[in-house]
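Enquirer: The lines below spell out each chain.
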Amino acid sequence: MPTTHASTLDALTDAAAGHCDEATEADSVAGVAARWVASPGTTQEAAALIGVAADQGLHVVVRGRGTALHWAPPPREVDLVVSTHRLDTVVEHVAGDLVAVVGAGTTIDALNARVGEHGQQLALDQPIAGSSVAGAMSTTRSGPRRLLYGTPRDLVLGTTMVRSDGVVARTGGKVVKNVAGYDLAKLLGGAYGTLGLITELVVRLHPVPPVARWLRRTMPAAPAAAMALELAGSQLAPTAVEVRRDAGTGDATVLVLLEGTERGVGERASDAARLLGLDSANGADVATADLARLDAAEDDVVVKVAVPLTGVAGVLATTGEAEQRHGVACRVQGSAGAGVLYAVLTGDAEPVAASIEALRGVAVGGSAVVLQAPASVRALVDSWGPVAALDLMRRVKAEFDPSNRFAPGRFVGGI
Amino acid sequence: MTTHPTSVDTRAEAQPTEAVDALVRRLVATYGAQAVITDEARRRTYECDGLAAYAVVPAVVVLTTSAEQVRQVVSACDELRVPFVARGSGTGLSGGALPVADGALIVLSQMRDIVHVDPAAQRAFVQPGVINLDVSTAVKSLGYYYAPDPSSQQVCSIGGNVAENSGGAHCLKYGFTTNHVLAVDFVGPDGHATTLGTTAPDAPGYDLLGTVVGSEGTLGIVTAVTLKLTRLPQSVRTLLVGFRSTDDAGAATSAIIGAGVVPAAIEMMDALAIEAAEAAVGCGYPDQAGAVLVIELDGPTAEVDAQLDDVVRHCEESGAFEVRQAADDAERALIWRGRKSAFAAVGRISPDYIVQDGVIPRTALPQVLHRIRELADEAGIRVANVFHAGDGNLHPLVLFDAEADGETERAEKVSAQILKLCLEHGGSITGEHGVGTDKAPYMADMFNEGDLDTMQLVRCAFDPQHLSNPGKVFPTPRLCGERPGRRSGAHPLQEAGLAEVF
Chain A
1 MPTTHASTLD ALTDAAAGHC DEATEADSVA GVAARWVASP GTTQEAAALI GVAADQGLHV
61 VVRGRGTALH WAPPPREVDL VVSTHRLDTV VEHVAGDLVA VVGAGTTIDA LNARVGEHGQ
121 QLALDQPIAG SSVAGAMSTT RSGPRRLLYG TPRDLVLGTT MVRSDGVVAR TGGKVVKNVA
181 GYDLAKLLGG AYGTLGLITE LVVRLHPVPP VARWLRRTMP AAPAAAMALE LAGSQLAPTA
241 VEVRRDAGTG DATVLVLLEG TERGVGERAS DAARLLGLDS ANGADVATAD LARLDAAEDD
301 VVVKVAVPLT GVAGVLATTG EAEQRHGVAC RVQGSAGAGV LYAVLTGDAE PVAASIEALR
361 GVAVGGSAVV LQAPASVRAL VDSWGPVAAL DLMRRVKAEF DPSNRFAPGR FVGGI
Chain B
1 MTTHPTSVDT RAEAQPTEAV DALVRRLVAT YGAQAVITDE ARRRTYECDG LAAYAVVPAV
61 VVLTTSAEQV RQVVSACDEL RVPFVARGSG TGLSGGALPV ADGALIVLSQ MRDIVHVDPA
121 AQRAFVQPGV INLDVSTAVK SLGYYYAPDP SSQQVCSIGG NVAENSGGAH CLKYGFTTNH
181 VLAVDFVGPD GHATTLGTTA PDAPGYDLLG TVVGSEGTLG IVTAVTLKLT RLPQSVRTLL
241 VGFRSTDDAG AATSAIIGAG VVPAAIEMMD ALAIEAAEAA VGCGYPDQAG AVLVIELDGP
301 TAEVDAQLDD VVRHCEESGA FEVRQAADDA ERALIWRGRK SAFAAVGRIS PDYIVQDGVI
361 PRTALPQVLH RIRELADEAG IRVANVFHAG DGNLHPLVLF DAEADGETER AEKVSAQILK
421 LCLEHGGSIT GEHGVGTDKA PYMADMFNEG DLDTMQLVRC AFDPQHLSNP GKVFPTPRLC
481 GERPGRRSGA HPLQEAGLAE VF
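Just so you know, the protein sequences line up as chains A and B, in that order. Per my numbering, the very first residue in the first sequence carries number 1; after that it's consecutive. Per my numbering, the very first residue in the second sequence carries number 1; after that it's consecutive.
If you're looking for bench data, these hints aren't it; they were derived computationally from the structure. The hints are all genuine.
Label pairs and their calculated CB-CB ranges:
no.	chain 1	residue 1	chain 2	residue 2	range
1	A	Asp251	B	Pro119	23 to 29 angstroms
2	B	His370	A	Gly277	56 to 62 angstroms
3	A	Arg394	B	Arg324	55 to 61 angstroms
4	B	Ala279	A	Gly277	54 to 60 angstroms
5	A	Arg394	B	Gly380	55 to 61 angstroms
For glycine and all other residues, C-beta sits at the position ideal for the given N, C-alpha and C.
One chain only, chain A, in its complex shape:
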């Protein structure tokens, strides 16, 4: 159905209540230029907008706050960028139920400022500052405190989505315990916007603990990994067990976060200090938000490496060897307690690609996903690596987005 550029813009603008424009270079998605950018302010507007996109066969990329739009390979095509930044309302916060309903584009910071007044939080750390709740969910972002609180997978109780055909669907609910129907929020989480547009979420909140204390100790990488494993298997109930290894060093730092009551944290910190071989249990001057940040430069390659807890030592060793063998710089940070690490690599494309393959080799029982990389590196490696059940995933995609218009080519197996 041939339509003119101008009439498409008119239709999109109508649907989004005036909030649609020609795209600029700033609206490019991982280097792929878009034609229009629209910002619906309600689920109804979003549904109308996606309806127009469906009628006109437009390729759609959903953008939250744009903090991780460069994660995952570039889309094959983009006509329309749908920005959720106007869906930024905390629709409901029932403090007594520790639940909040938020627009998809609400930033985690804004939500936490609001619920923080009641001593509550969305306990989700941000590898990149300023992300939206739905963006964090769509890309499965988390940080140190995932060990205790989990990831968006555990914290999102329900979603409202717009399907590729413009139909609005709700899943889950406003209660923590609920097994009615399929849990579509799970399916949308980590789907990188390939199944539809999330417009609203129900999230589970946690009380902000009265006391939080970090302890840390630097030591050679192998004993550091063993120490992290011991802390994760201890009865100290840590909120986080992190490990960090800077580029070009054989040492690594173990960090443990204890949260709770004044008395409880005090005694647990003494036990943890003993384990770590520290003289003092007073704690280190560390901010959780800072530890969560990836701080990757634009040209850096970021690989998320998930391993069984016993595999952390292997990841540290492999990055050390990669530095020796391939001449790249590679720092590692992440949750040793959960087995989810981030490797930040700097170097030429070929040695970096070889290092990624080495990480994939050591991530037995897990995965090594290239989140961020220049085109030169993406050309040499499969960004997602091997994924089981691809056939089923393709069938799910075909049901939700039969014309393959949502973020085509960004996901596993070229989905």
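Starting from the known structure of chain A, arrange chain B on it as the hints suggest.
Expert: Then chain B, alone, in the frame of chain A:
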């Protein structure tokens, strides 16, 4: 005995179709008569799960012993277009494992091996028929346990837990099955075997694992499960607290959670439930209590001790007249015995009852309990309340006598009204028992057409022919043959003394 709405005692037996005949011939030829049950009397023992109100005799029962066998059986079903239903221990309370009359029942309860335990990696690799509690028992000496603990954990299987996304008393703090399963071996309805998830978290690709967990067997069959193990807490403190009323107990619950304490469990029972539990197990709960709370705190000793003082203070400020702390494991077990026996215990004070399972936001608790009482009074029916107060998961037990004129209908009406009440308060029609056969008609009250249609997209991706547990979860007219029937008499597991109805 448990009985239920819309139940009809048809005990109907479908004529075996040609396809079923062909399937039976093939299965018997391959696996022998031992593993393939065709005898009607023996098939009849599988006619229902833990919700005995619905009964359908399956055309054939296959006792599977390996993942490869499950794959072959499903493959044969696919080829011959025979619907199939997977069954674990058969303890589900929503008719989720109700057989299909012209279909196969694939029984996984013989696949009971804990294949491998890796305590350092905090993982256990198990077959689907493994009993929930057996996992914790097996890893206890290593310092670990498996956190999800449905009340039926002595008899329910891990595979069934995966199908239902089972919770339990401790899921307030530790989450549900979905938070503790990392990967499964999975046989799709086309007989294709694959793995969903990885031993490590955050497996790339669509979270099909998270979609399959809780899908009640409608997407395929799980043949192996990778579980997350949780470190045993350093300290566990269990309190039994007596209150004059459910309002006071509810206020204490809100105060505790409002203060930022996340107990491992907060369970409430009202006067009628206490009366039943006393009659059944003599748990010695406080005299004259209008409600009791069972509160459990766990974690590092110093933390638990600090929280315990707070919890006791909040209870007393909310009007608690007796606070009892379990001195040892035996006393803790006695406290929990009263709570965990509550469903079955109601049988001591009423000839028949309906176990309901609904969820409300915790803050709506006082209002909803008052309204339940009004509804019960209006109908001249008694309702005992047992619930997970911490997360608003109600289990009202609607008591009646099926022999009394019109009482069944009135009880069914009250039961249905309670579910509507949960939805009016923004809750859910099921917190842990599942939709199954029983609540499929209520799905349209909770979700609109677009919501249900979108869920069915997933079904279509996995099972376009609707062979895997057809007729469950969704209020679809495709019932694949049998109308739900009703059975009378005790559940076979109960008769065998193997299970209480939790």
